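Peer 1: One letter stands for each residue in the lines below.
2 protein chains.
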Amino acid sequence: MIKIICVGKIKEKFYREAILEYTKRLSKYTKLEIIEIPDSPLDDEINIEGKNILKHIKDNEYVITMEIDGNKLSSLEFASKLDNLFIYNSNITFVIGGSLGLSDLVKIRSNYQLSFSNMTFPHQLFRVILLEQIYRAFKINNNESYHK
Amino acid sequence: MIKIICVGKIKEKFYREAILEYTKRLSKYTKLEIIEIPDSPLDDEINIEGKNILKHIKDNEYVITMEIDGNKLSSLEFASKLDNLFIYNSNITFVIGGSLGLSDLVKIRSNYQLSFSNMTFPHQLFRVILLEQIYRAFKINNNESYHK
Chain A
1 MIKIICVGKI KEKFYREAIL EYTKRLSKYT KLEIIEIPDS PLDDEINIEG KNILKHIKDN
61 EYVITMEIDG NKLSSLEFAS KLDNLFIYNS NITFVIGGSL GLSDLVKIRS NYQLSFSNMT
121 FPHQLFRVIL LEQIYRAFKI NNNESYHK
Chain B
1 MIKIICVGKI KEKFYREAIL EYTKRLSKYT KLEIIEIPDS PLDDEINIEG KNILKHIKDN
61 EYVITMEIDG NKLSSLEFAS KLDNLFIYNS NITFVIGGSL GLSDLVKIRS NYQLSFSNMT
121 FPHQLFRVIL LEQIYRAFKI NNNESYHK
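Quick mapping for you: the protein sequence lines, in order, are chains A and B. Residues in the first sequence are numbered from 1 upward in steps of one, following the numbering used here. Residues in the second sequence are numbered from 1 upward in steps of one, following the numbering used here.
Hints were generated in silico from the structure; no laboratory data involved. Since the structure is predicted, the reported quantities are computational estimates derived from the model, not experimental observations. Errors might be hidden in some of the hints.
Identical copies look the same in the list; a pair holds intra-copy or inter-copy alike.
[Unchecked claim] Only pairs whose alpha carbons sit at most 27 Å apart, straight line, appear in this in silico DSSO-like list of lysine-lysine:
1) Lys139 x Lys55
2) Lys24 x Lys13
3) Lys13 x Lys28
4) Lys58 x Lys107
5) Lys13 x Lys58
The following block holds chain A by itself, in its conformation from the complex (with noise of 0.2 Å):
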């Protein structure tokens, strides 16, 4: 089972398709749910975001963040960290932060730190990456062809 917590709305309707079909490809291989934490639009507010993104979260849980100075992964090392971490534990939880970042009381919960990138992306933009991502490593894992 693979959750993704993530902050704000995604307005673009492209994005919102992209998302669409992403999850509908994925749930050939596991179970997937996404969950729209509202986005707080003042810095101050960053720990209540924390707050309503910990709520979500249950102890057995394996917490991935997407950190910008996270470990650096290639699409190889990152299907094979999905496929290790399943033999352990069945339920793996991806969070994206909003415009403010995230909030320290979720860097603490979180188990292991990823970065795609050293570039700042959209949160509507990213959250396709981290699908298509997601996507490629079940592909990989199940030995089936993907192009590029």
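Dock chain B against chain A, hints included.
Peer 2: Here is chain B on its own, set in the frame of chain A:
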């Protein structure tokens, strides 16, 4: 003037719409040309693909190839690089390879190797990511706010 040379068609409607949207947003800041080279399905055709790409590059263009082992920049560093390049050269050309990668012919012509990630993305998604970062760079260089 920014040129993006890429390989293969965009099949997914949502990716086409995302590309269209960023193209529209970018038109406020720069002339943009996207050139699509046909995809070569066979491994030994990578040099044909390469020659096709080179046909669209003039001597005065500064060529940035997207390569997984290239330089990793933050969004701010990328914006600053673009800004500096435009002082001396008004023609910047990005090249995104296809599923075969980039031919050596193109790599030799490259002035700068840029990597967005250790991960492999589908070329369709990659085009969106590149356009968004170029758009972000112009926003940064114009001191305009832009939400994550």
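Peer 1: Going through the numbered hints above, which ones does this structure break? Give me the numbers in ascending order.
Peer 2: 1, 5
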